[in-house]
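In the order they appear, the protein sequences are chains S and E. For the first sequence, the residue numbers in the working numbering are 2 to 115. For the second sequence, the residue numbers in the working numbering are 5 to 250.
Some hints could be false.
[Claimed, not checked] Just so you have them, the derived chain E footprint on chain S, three or more residues with Cβ under 8 angstroms: (1) 55 to 65; (2) 94 to 104.
[What the hints assert, rightly or not] The following label-pair restraints were derived from C-beta to C-beta distances: (3) S:Val62 with E:Leu210: 18 to 24 angstroms; (4) S:Ile28 with E:Ile111: 40 to 46 angstroms; (5) E:Gly30 with S:Ser104: 34 to 40 angstroms; (6) S:Ser104 with E:Ala32: 23 to 29 angstroms; (7) E:Val19 with S:Thr41: 16 to 22 angstroms; (8) S:Tyr19 with E:Ile116: 42 to 48 angstroms; (9) E:Pro54 with S:Gly55: 32 to 38 angstroms.
Hints are computed from structural coordinates only; laboratory data are not their basis. Glycine included, C-beta positions come from ideal geometry on N, C-alpha and C.
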Amino acid sequence: MTILVYAVVAWVFAIGIYGAIVSRNLIHLALCLTVTQSSTYILLLAIGYKHGAGAPIFEDVKLGTAAVDPVVQSLTLTDVVVSVTVIALILALALDVHRQSDSIDPDEISTLNR
Amino acid sequence: MSSRQRLRAWIAAPVLALFAAILGWGFARAPAFGDFHGAYGDLLNRIAVPQRHTSNVVTAIVFDYRGFDTMGEEFILFASVVGVVLLLRAVREPATGQDDPVASDAIRLFGIIMVAVILVFGLWLAAFGLVTPGGGFQGGVAIAGGIVLVFLASGYRAWRTFGRERLLDPFEGLGAASYAAVGLAALIAGAPFLHNLLGLGVAGTLRSGGSMTLLNWAVAVEVAAANLVLYTEFLESYLVPHLPRR
Numbered sequence: 002m003t004i005l006v007y008a009v010v011a012w013v014f015a016i017g018i019y020g021a022i023v024s025r026n027l028i029h030l031a032l033c034l035t036v037t038q039s040s041t042y043i044l045l046l047a048i049g050y051k052h053g054a055g056a057p058i059f060e061d062v063k064l065g066t067a068a069v070d071p072v073v074q075s076l077t078l079t080d081v082v083v084s085v086t087v088i089a090l091i092l093a094l095a096l097d098v099h100r101q102s103d104s105i106d107p108d109e110i111s112t113l114n115r
Numbered sequence: 005m006s007s008r009q010r011l012r013a014w015i016a017a018p019v020l021a022l023f024a025a026i027l028g029w030g031f032a033r034a035p036a037f038g039d040f041h042g043a044y045g046d047l048l049n050r051i052a053v054p055q056r057h058t059s060n061v062v063t064a065i066v067f068d069y070r071g072f073d074t075m076g077e078e079f080i081l082f083a084s085v086v087g088v089v090l091l092l093r094a095v096r097e098p099a100t101g102q103d104d105p106v107a108s109d110a111i112r113l114f115g116i117i118m119v120a121v122i123l124v125f126g127l128w129l130a131a132f133g134l135v136t137p138g139g140g141f142q143g144g145v146a147i148a149g150g151i152v153l154v155f156l157a158s159g160y161r162a163w164r165t166f167g168r169e170r171l172l173d174p175f176e177g178l179g180a181a182s183y184a185a186v187g188l189a190a191l192i193a194g195a196p197f198l199h200n201l202l203g204l205g206v207a208g209t210l211r212s213g214g215s216m217t218l219l220n221w222a223v224a225v226e227v228a229a230a231n232l233v234l235y236t237e238f239l240e241s242y243l244v245p246h247l248p249r250r
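Excised from the complex, chain S in its bound form (with noise of 0.2 angstroms):
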């Protein structure tokens, strides 16, 4: 079980990466920095995580019982919501470079062309 989730996370790592490297158009670049940036809230979430464990909320639960460690968690959610906005702010910039050069194709903007 170990080797898994820490398998699904260098493979979700690993697939945004080849995606950056290869990529061809900058929205898909953008999105695959999201993917790669998914596979740390994985490693994070799978890390505090705990066997019979539950969340950390004693709201109707008695303190004292077994729970998953919260302070990943809380890296986890302000991330995602931050991640969000900037990826957009990334999307932003490639449709400003679409309209400045006519091309999202990383390979055909040059800067030394202008």
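Please arrange chain E on chain S, whose structure you already have, making use of the hints.
What follows is chain E alone, placed relative to chain S:
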């Protein structure tokens, strides 16, 4: 693969090999799945409820134990929204007289019901963030999702009531500013930055959390406004120009 792609792959290969080695080294020392004993998390699970009177430990971490870090996150969010606005708003002309009404009554009716349901759900998520699963970040996203559904369910003209820069920009600024203001208020009162001034309240109720409640709502407003500003900017720049003219 084109030759450029092959070239890029060859350039990336040594870096990735190094990275894979570091990753493998890290994984070899990582805890077995389901057997993690982080001292910090275990400690917080025991002391957060008696110490901070918030039954949701995750929210207590976001707005109290790591409250300063969350302020940084909030300003990353704010800065990227400002960046999107700078890139998109400057170059577009104001769109007028365009509409793309949704023709189906069934979709409109169901959509408007769902707007109400999602809005109430979002407000509930944000309001009870310190008690049950939820919080300002999640609630803000849900609230924005509910409002943007107006566009999908009923068309551009109805959406334009909410999706206006002059309406949304103040909320975006207010959300970011009030988080910092809560922190500075503590400084003025002679306590550390972001210190809880309002008392802790009763755990498990809406009156729990003190200053954390204010921070929670500041983030909810900030996140909801940020998402709506982003929807508005992309819609106005790239969808509205293609709407049929009336």
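Hints, one by one, checked against the model:
{"no.": "1", "hint": "55 to 65", "verdict": "holds (count 7)"}
{"no.": "2", "hint": "94 to 104", "verdict": "holds (count 4)"}
{"no.": "3", "hint": "S:Val62 with E:Leu210: 18 to 24 angstroms", "verdict": "holds (19 angstroms)"}
{"no.": "4", "hint": "S:Ile28 with E:Ile111: 40 to 46 angstroms", "verdict": "violated (28 angstroms)"}
{"no.": "5", "hint": "E:Gly30 with S:Ser104: 34 to 40 angstroms", "verdict": "holds (39 angstroms)"}
{"no.": "6", "hint": "S:Ser104 with E:Ala32: 23 to 29 angstroms", "verdict": "violated (44 angstroms)"}
{"no.": "7", "hint": "E:Val19 with S:Thr41: 16 to 22 angstroms", "verdict": "holds (18 angstroms)"}
{"no.": "8", "hint": "S:Tyr19 with E:Ile116: 42 to 48 angstroms", "verdict": "holds (44 angstroms)"}
{"no.": "9", "hint": "E:Pro54 with S:Gly55: 32 to 38 angstroms", "verdict": "violated (18 angstroms)"}
Of the numbered hints stated above, those contradicted by the structure are hints 4, 6 and 9, listed in ascending order.
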